[in-house]
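Following the hints, position chain L against chain B.
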Amino acid sequence: MLELDDVQHYLLTRPHATIAQYNFITFRDGQAGRNWVNALSDIVGTAKTVMAASPTDMRWVSLAFTFNGLRKLGLDEVSLASFPEPFRQGMVARAQMLGDTGINHPDNWEDNITSEDLHAVVILFARDKVERERCIKKHDEYLKDNPGVEILSSLLLEAVPPYDYVHEHFGYRDRLTTPVIEGIGIEPMPGSHPPSKAGEFFLGYPDESGVIPLQPEPEILSKNGSFLAYRKMREHVGAFREFLKANGKTVEEQELVAAKLMGRWRKTGAPLVLCPDRDDHELGFDDKRNNNFDYEKMDPHGYACPVGSHIRRMNVRDKGVSRIMNRRLIIRRGGTYGPYLPDDAEDDGANRGIAVFAGCADLARQFEFLISVWANDPEFEELNEKDPFAGSIDGPFELTIPKRPIKKKLKGLKAFTTVTGGAYFFLPGIKGLKYLASLK
Amino acid sequence: MSNTKNGWSTPAALAIPKEGYFKKEDGRYGPLFPQTPANYGFTVIVKVKPGREEAIREYGKTIEAAVKASPDVLAPLKLHYLRWVLFDVGSGLHFMYQGIFDTDFDKYMEDAIALFNSTGVTTVFVNLEGFPEDWKTNIPAVTKFFREHQCPSFLEYGEYPYVSADEIKKALKLKEAFSEMLDQMQ
Numbered sequence: 001m002l003e004l005d006d007v008q009h010y011l012l013t014r015p016h017a018t019i020a021q022y023n024f025i026t027f028r029d030g031q032a033g034r035n036w037v038n039a040l041s042d043i044v045g046t047a048k049t050v051m052a053a054s055p056t057d058m059r060w061v062s063l064a065f066t067f068n069g070l071r072k073l074g075l076d077e078v079s080l081a082s083f084p085e086p087f088r089q090g091m092v093a094r095a096q097m098l099g100d101t102g103i104n105h106p107d108n109w110e111d112n113i114t115s116e117d118l119h120a121v122v123i124l125f126a127r128d129k130v131e132r133e134r135c136i137k138k139h140d141e142y143l144k145d146n147p148g149v150e151i152l153s154s155l156l157l158e159a160v161p162p163y164d165y166v167h168e169h170f171g172y173r174d175r176l177t178t179p180v181i182e183g184i185g186i187e188p189m190p191g192s193h194p195p196s197k198a199g200e201f202f203l204g205y206p207d208e209s210g211v212i213p214l215q216p217e218p219e220i221l222s223k224n225g226s227f228l229a230y231r232k233m234r235e236h237v238g239a240f241r242e243f244l245k246a247n248g249k250t251v252e253e254q255e256l257v258a259a260k261l262m263g264r265w266r267k268t269g270a271p272l273v274l275c276p277d278r279d280d281h282e283l284g285f286d287d288k289r290n291n292n293f294d295y296e297k298m299d300p301h302g303y304a305c306p307v308g309s310h311i312r313r314m315n316v317r318d319k320g321v322s323r324i325m326n327r328r329l330i331i332r333r334g335g336t337y338g339p340y341l342p343d344d345a346e347d348d349g350a351n352r353g354i355a356v357f358a359g360c361a362d363l364a365r366q367f368e369f370l371i372s373v374w375a376n377d378p379e380f381e382e383l384n385e386k387d388p389f390a391g392s393i394d395g396p397f398e399l400t401i402p403k404r405p406i407k408k409k410l411k412g413l414k415a416f417t418t419v420t421g422g423a424y425f426f427l428p429g430i431k432g433l434k435y436l437a438s439l440k
Numbered sequence: 001m002s003n004t005k006n007g008w009s010t011p012a013a014l015a016i017p018k019e020g021y022f023k024k025e026d027g028r029y030g031p032l033f034p035q036t037p038a039n040y041g042f043t044v045i046v047k048v049k050p051g052r053e054e055a056i057r058e059y060g061k062t063i064e065a066a067v068k069a070s071p072d073v074l075a076p077l078k079l080h081y082l083r084w085v086l087f088d089v090g091s092g093l094h095f096m097y098q099g100i101f102d103t104d105f106d107k108y109m110e111d112a113i114a115l116f117n118s119t120g121v122t123t124v125f126v127n128l129e130g131f132p133e134d135w136k137t138n139i140p141a142v143t144k145f146f147r148e149h150q151c152p153s154f155l156e157y158g159e160y161p162y163v164s165a166d167e168i169k170k171a172l173k174l175k176e177a178f179s180e181m182l183d184q185m186q
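First to last, the protein sequences are chains B and L.
The numbering used here puts the first residue of the first sequence at 1, with every later residue one more than the last.
The numbering used here puts the first residue of the second sequence at 1, with every later residue one more than the last.
Extracted from the complex, chain L is given alone in its bound form:
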């Protein structure tokens, strides 16, 4: 059971200092970002290399196919949601990669990079400015790249705060089983 603070039924918001954390606490690769009512997460924003928009958009389909072929491919990351956005507000095209997790990203950094490689996501990142050329052999440089482009939230809100994806799935399974039991009793 994860930390439910005042319970899942009381919506909660949390304002976060500029640094992204309240008290500096280092993980293996840098400061850890705190759990909020919207759980753990990151927002990575990077400028796209000129002329690479289509290449990135194409990869949306690649990832869709990878998850379809193997629905549990991302399971180790303890994810809720991923969002990929391309936008240009006048300073060139930028790529935003936002993820909401049940665990600090620092803990599963190597799992994530291995998954990026096996699902072909890394080949999207090579379209971004500053992504290390030697990404295949230099994991510390890849880690640093993500760290440097991470923009911490200053506010996060959860309608059902601190609830993990596993808890949600368990509750839905229970609901399903319970409905089936009632059906069986008809």
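Isolated chain B, as found in the complex:
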């Protein structure tokens, strides 16, 4: 049974926050870092406390560390070597495999994220701006008294209007599918993956293979921990809207093109497999129905939902593509940064996009597979394409829309997104945090 009083809340709950801040941290020396971990570990919310949802308890802080951060805190070399290779190497070293080349290359990344001195991230959620200001001020004051810990960069995340549904800057409704973990009292919605074993996301538990895989040492540090893959993706809203206009004469046609890229209607998330011709608001917002579909039986050729669309690549639902879909899941957390671009506004070229953390137990098997194969492999289902949103695109590309009698190809798509940041972190349990704080 997952120890909810030791697991950080981050991957298990969604606090009722409208605003968040990521502070990327460096430790000038180990003792300062340990003091900081010790000071903050008491306000890190556990899954148990945050799930209890007390309106006054807003301990929504999460702490995670890079490999260099664990070393700086004084973790011994034997333990460091027991961490898996992708984490030890860091995301920059894995860039070519992940497809982070050309304009997406780490040389172009923002926020000092590729610095060797990046040691930790503190993720702060707040109910509103006032609460965020209070927390940030408190953290800043703490740092004044503990000068060996510095902020390398900060990123502010805030929901974009309209606020009645969660969406990113292109306007696609978000958070429609998330893995459910066995034994914590949440039932998956119809059509979703069956509950995952805790070990798919938290170290120290049996995973879908039925056994506890080899874990990093010592156990007190790794147990109840998870790995996080951070990705910051800039969204080129102007280019995206231009593309829709170039490929659809009417608003309805443009919405259909947008839906074909995603596999769901933009504003409601209603799946194309279930409503291929027009949006269905009621269906989109009905959690019992909006994931209740497959591809193999209901849309084998992709006439409704193109085989190359985002949701069909990233969550295949299809045994012919993979028998181990339940071993490729990630828990996605994050939100939008940058200013909102109203529908009728000219492109202002501002930096806006999404900044997300993908949580999992095995970076190579879960996160890296999703990005390098399902998002970026041109051979995926013989399409010679990449994922229109999650793929690393550095030239014109195509999307095939199966259609009778002859398929249609959307040509000359420009990249709608650019990867502008990324790093691997380890998110320990509370005992793990205390252990790190106690190192010498």
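No false leads were mixed into what you were given.
Below, a list of computed lysine-lysine pairs in the DSSO-like style, where the Cα atoms sit at most 27 angstroms apart:
| # | chain 1 | residue 1 | chain 2 | residue 2 |
| --- | --- | --- | --- | --- |
| 1 | B | Lys407 | B | Lys297 |
| 2 | B | Lys407 | L | Lys175 |
| 3 | L | Lys68 | L | Lys169 |
| 4 | L | Lys169 | B | Lys407 |
| 5 | B | Lys249 | B | Lys408 |
| 6 | L | Lys175 | B | Lys403 |
| 7 | B | Lys403 | B | Lys267 |
| 8 | B | Lys319 | L | Lys169 |
| 9 | L | Lys169 | B | Lys409 |
| 10 | B | Lys409 | L | Lys175 |
| 11 | L | Lys170 | B | Lys408 |
| 12 | L | Lys68 | L | Lys175 |
| 13 | B | Lys223 | B | Lys440 |
| 14 | L | Lys169 | B | Lys403 |
Hints listed in this document are in silico derivations from the structure and should not be mistaken for laboratory results.
Positioned in the frame of chain B, the structure of chain L alone reads:
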């Protein structure tokens, strides 16, 4: 449509450097091996533990039965052919496992290992020297084992180069449908 280079109708051969690749490009678990006119593939050669020949041969039947019971059991691997060979050229009995795929093996490593486990293939590997004892919990060690025993080709040839199994199946289906259509018109 996969990369057909000069087209499927022009047979092609490709000589491959000793390392098995032209330019080092890393996948998740090590260097990626290039697509050749004979598509992607691997050849794993490992020495058999003494006295295990019969155990390995028996598993031929197990796999035959698994595929018969569930013909699409290996579908995710995008395979053309698998060949299992036992041979002894004077240095003891060796097992050769050769596969031809439409995708780099690195991409579907975990699918392959899961399939090995579910079809019982892994229990063949325990008869091979050096297969990790803790294979159930230590996937990186299993991956490393295959990587270390992989012998890259130095030449590969394709009579119909770069054609994928899916393309072949589609063409045969089309032929079938077309013949049926002509029959219907009689």
